[in-house]
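Participant: Sequence:
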Amino acid sequence: MEKRSPNLEIDNLDMQILALLMEDATIPYTEIAKRLIVSGGTIHVRMKKMQDLGIIKGSNLLIDAQKIGYDVCAFLGIFLEKGSIYKDAVEKLKKVKEIVELHYCTGAYSMFAKIICRDTNHLREVLNDSIQAVEGIQRTETFISLEESIKRQISLES
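So in full-length UniProt numbering, the last spot in the sequence shown is 158, and the numbers never skip.
Hints should not be assumed to be uniformly reliable.
Here are the computed lysine to any residue pairs in the SDA-like style, where the Cα-Cα straight-line distance is at most 25 Å [as the list claims (entries may be wrong)]:
#1 K92 / G77
#2 K92 / S130
#3 K114 / A25
#4 K34 / D11
#5 K87 / L62
#6 K48 / L61
#7 K49 / G77
Label-pair restraints from in silico Cβ distances [unchecked claim]:
#8 S155 / F79: 18 to 24 Å
#9 T42 / T120: 49 to 55 Å
#10 I27 / G107: 34 to 40 Å
#11 L13 / T106: 33 to 39 Å
#12 Y104 / A25: 24 to 30 Å
#13 A19 / G107: 29 to 35 Å
#14 A65 / R139: 22 to 28 Å
Derived by calculation from the structure, the hints in this document are not laboratory data.
For clarity, every value in this text was computed on a predicted model and none was experimentally measured.
Positions of the beta carbon are idealized from the N, C-alpha and C atoms, including for glycine.
Please model the entire structure based on the sequences and the hints provided.
Facilitator: Here it is as structure tokens:
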């Protein structure tokens with residue numbers, strides 16, 4: 001693996017550490033060290049460096065939302081009245097816990113959101129009472145996902 005950006009102070013070992021953790025975030029540092037033939041201390045130092053650089057932003061527990069009763073995944077195109085209200089709209093939308101991703105984007109929409117809800121009634125409530133009630137949101141367009149076919153991290157392999 002090559003260094004990806006001259007602006008990042010990471011090398012091949014850092015990329016190998018990231019690749020292993022992206023595959024399984026629960027792998028102990030000692031196991032990473034053993035696989036990469038370095039000391040456990042080296043892994044700790046490298047991890048701290050990547051956290052300080054903002055490359056590693058934390059770790060998440062991945063759950064199957066459907067198995068705990070959240071059966072609807074929807075994508076929402078959001079039209080803002082004007083671009084200047086974006087930051088205020090984001091602050092209000094951060095309070096809507098069903099929004100799991102929100103992007104400022106080019107194209108037809110001002111913003112694009114991913115929403116996870118229990119069912120279509122819950123989705124309707126979130127759309128009507130929480131999202132469309134945000135001042136400055138002109139209108140929305142909703143797309144319901146029927147199946148998630150691919151979900152993955154970026155590949156660190158060249």
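Participant: Run every hint past the structure and note whether it holds.
Facilitator: Consistency of the hints with the structure:
1. K92 / G77: 16 Å, holds
2. K92 / S130: 9 Å, holds
3. K114 / A25: 24 Å, holds
4. K34 / D11: The given pair, whose Cα atoms are some 18 Å apart, holds under the 25 Å limit.
5. K87 / L62: 28 Å, violated
6. K48 / L61: Cα-Cα ~20 Å, so holds.
7. K49 / G77: Violated, at roughly 37 Å.
8. S155 / F79: 18 to 24 Å: About 34 Å separates the Cβ atoms of S155 and F79, which means 18 to 24 Å is violated.
9. T42 / T120: 49 to 55 Å: Holds, at about 51 Å.
10. I27 / G107: 34 to 40 Å: Given a distance of about 39 Å, which is inside 34 to 40 Å, the answer is holds.
11. L13 / T106: 33 to 39 Å: At roughly 37 Å between Cβ atoms, T106 and L13 fall inside 33 to 39 Å, so the hint holds.
12. Y104 / A25: 24 to 30 Å: Cβ of Y104 to Cβ of A25: about 28 Å, so the range 24 to 30 Å holds.
13. A19 / G107: 29 to 35 Å: Hint holds: Cβ distance 32 Å, inside 29 to 35 Å.
14. A65 / R139: 22 to 28 Å: Given range 22 to 28 Å: holds, Cβ gap about 27 Å.
In summary, the structure is inconsistent with hints 5, 7, 8 from the numbered list given earlier, while agreeing with the others.
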